Structure formats: structure tokens, C-alpha cells
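Q: Hey, can you work out the whole structure from these sequences and the hints?
Taken in order, these protein sequences are the chains called D and X.
Position one of the first sequence corresponds to residue 1 (the numbering used here), numbered consecutively onward.
Position one of the second sequence corresponds to residue 1 (the numbering used here), numbered consecutively onward.
Treat the hints loosely; a few may be bogus.
Stated by the list, open to error - Okay, the calculated beta carbon distance ranges per label pair: (1) X:13 to D:30: 40 to 48 Å; (2) D:18 to X:41: 27 to 35 Å; (3) X:118 to D:30: 38 to 46 Å; (4) X:59 to D:27: 18 to 26 Å; (5) X:100 to D:10: 29 to 37 Å.
These aren't lab readings, by the way, just hints derived from the structure by calculation.
If you're wondering where the values come from, they're calculated on a predicted model, not measured in any experiment.
Every residue gets a Cβ at the ideal spot worked out from N, C-alpha and C, and that includes glycine.
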Amino acid sequence: DIQMTQSPSSLSAFVGDRVTITCRASQSISGYLNWYQQKPGKVPKALIFSASTLQTGVPSRFSGGGSGTEFTLTISSLQPEDFATYYCQQSYTFPLTFGPGTRVDI
Amino acid sequence: QVQLLQSGAELRNPGASVKVSCKASGYSFTDSYIHWVRQAPGQGLEWMGWINPNNGGRNYAQKFQGRVTVTRDTSISTAYIELTSLSFDDTAVYYCAKSPKTAYNFDHWGLGTLVTVSS
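A: Rendered as C-alpha cells:
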């Protein structure tokens with residue numbers, strides 16, 4: 001199975017800050033990396049697929065990058081509604097696997 | 001709009017089975033895949049398996065092999081997951097999610113079904 005790791009596991013930032021979360025895969029997954037946002041008690045929401053493509057309706061302050069084994073999710077200017085846990089997920093091969101999540105506190 | 005409507009919360013004893021449903025609307029049921037992802041209390045997301053509603057093809061995570069069955073009824077655009085031999089560790093919210101046929105990213109999610117295993 002492909003293991004996904006994320007760093008940091010949590011972070012605190014101010015509104016307006018630029019925030020970057022890193023996701024690493026235990027082997028190359030090309031560009032098959034997706035990002036989700038989950039707010040407390042809510043359903044996960046798709047943010048980015050194929051490493052860098054924003055899902056419809058996702059604000060442009062979110063961006064994704066990377067390929068192979070290292071990927072990033074960047075929030076260019078953190079907003080109060082961005083308080084959430086962010087998960088990466090590889091869709092390169094079965095079993096599909098998620099990272100452990102990064103909690104972002106405002 | 002796309003909706004995945006899941007069945008209600010379930011309470012089971014250890015050793016029992018549970019079956020959760022996921023009714024799709026707002027898109028063609030056979031044009032996307034349905035996946036099942038679970039989340040134990042305070043924990044992360046765990047993929048369990050998927051089904052191709054068009055032909056019934058399916059794949060399960062090794063961890064659940066022999067205990068999980070994913071099925072579908074195309075006449076009512078509904079997918080199901082059944083988990084047997086439940087243990088306390090199976091207490092979780094079970095989500096269905098759809099992915100495009102061209103990729104395995106989850107673009108829409110159901111609201112989740114809480115399954116509690118308790119004696």
C-alpha cells in the first residue's frame with residue numbers, strides 16, 4: 001500500500017497569512033493527488049484533484065502543486081472559514097489511501 | 001444538483017452485521033463510481049472499497065476483505081455497503097462518495113451514516 005504523510009500535523013496562523021501544507025507519498029504517484037477540507041462535524045469537501053486542478057466553486061486562494069512523491073496545498077491568504085482539517089489522498093493505485101490530516105487553527 | 005442520500009444511524013452489537021445505503025440523484029448513476037470511506041471518532045479518513053454501478057465491478061481494501069460487500073441496485077440508483085462481524089473498532093461514520101470514471105477522486109460525498117458498535 002502507498003503510505004501518505006502530511007506535515008505539519010497541525011498549525012496555527014493568522015487571517016491573511018500564507019499557509020502551505022506538504023503531503024508526501026511512499027512511492028511515486030505521478031500527479032494522482034487530491035486534497036479535501038473537513039470542518040468539525042461536517043462532511044469532507046473536495047478542494048483539488050490531479051494535484052493542481054481546483055474543484056468547481058473552490059476559492060482561488062487555494063492552490064496545489066507537486067508531482068511524484070511530494071505535493072503542496074497552499075492557501076494564499078487565510079480566511080476565518082478556512083479553519084479545518086486538510087487531507088491528501090492518492091488516486092494512483094488501489095487501495096486508495098489518505099494522509100493523516102493537517103489541522104489548521106486560525 | 002448531485003446528492004448522495006444515506007440511510008440513518010445504526011446501533012449494533014459486536015459480531016452483528018450492518019448494511020448502509022446510499023441513494024444517488026442529480027446525475028446518471030451508472031456514469032460514476034461509488035466509494036465507501038469511513039471515519040472513526042476523532043480519526044482520519046479510511047477508504048474501504050468501491051463499485052462500478054454500470055457493471056458491478058468492485059474492489060475492496062485488503063483490511064476489509066471477507067467482511068465487506070458493496071452492491072448496487074441500478075433501478076433505484078442506490079449503492080450499499082454491508083460489513084459483517086462487527087467489532088468496537090468499526091464504530092465510525094461511513095460515507096459514500098462518488099468519483100468520475102476517469103479518476104478516483106471524490107467529488108461529492110454523502111452526509112455520512114454513524115454506525116455504533118456497542119454491547
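Q: Work down the list of hints and note, for each, if the structure agrees.
A: Results of checking the hints against the structure:
1. One distance hint, 40 to 48 Å for the beta-carbon pair residue 13 (chain X) and residue 30 (chain D), holds here, with the actual separation near 45 Å.
2. Checked against the hint of 27 to 35 Å, the pair residue 18 (chain D) and residue 41 (chain X) passes, with Cβ atoms roughly 32 Å apart.
3. Distance hint check: the CB atoms of residue 118 (chain X) and residue 30 (chain D) are about 43 Å apart, consistent with the given range 38 to 46 Å.
4. The supplied range of 18 to 26 Å is met by residue 59 (chain X) and residue 27 (chain D), whose beta-carbon atoms lie about 19 Å from each other.
5. For residue 100 (chain X) paired with residue 10 (chain D), a C-beta distance near 32 Å keeps the hint of 29 to 37 Å intact.
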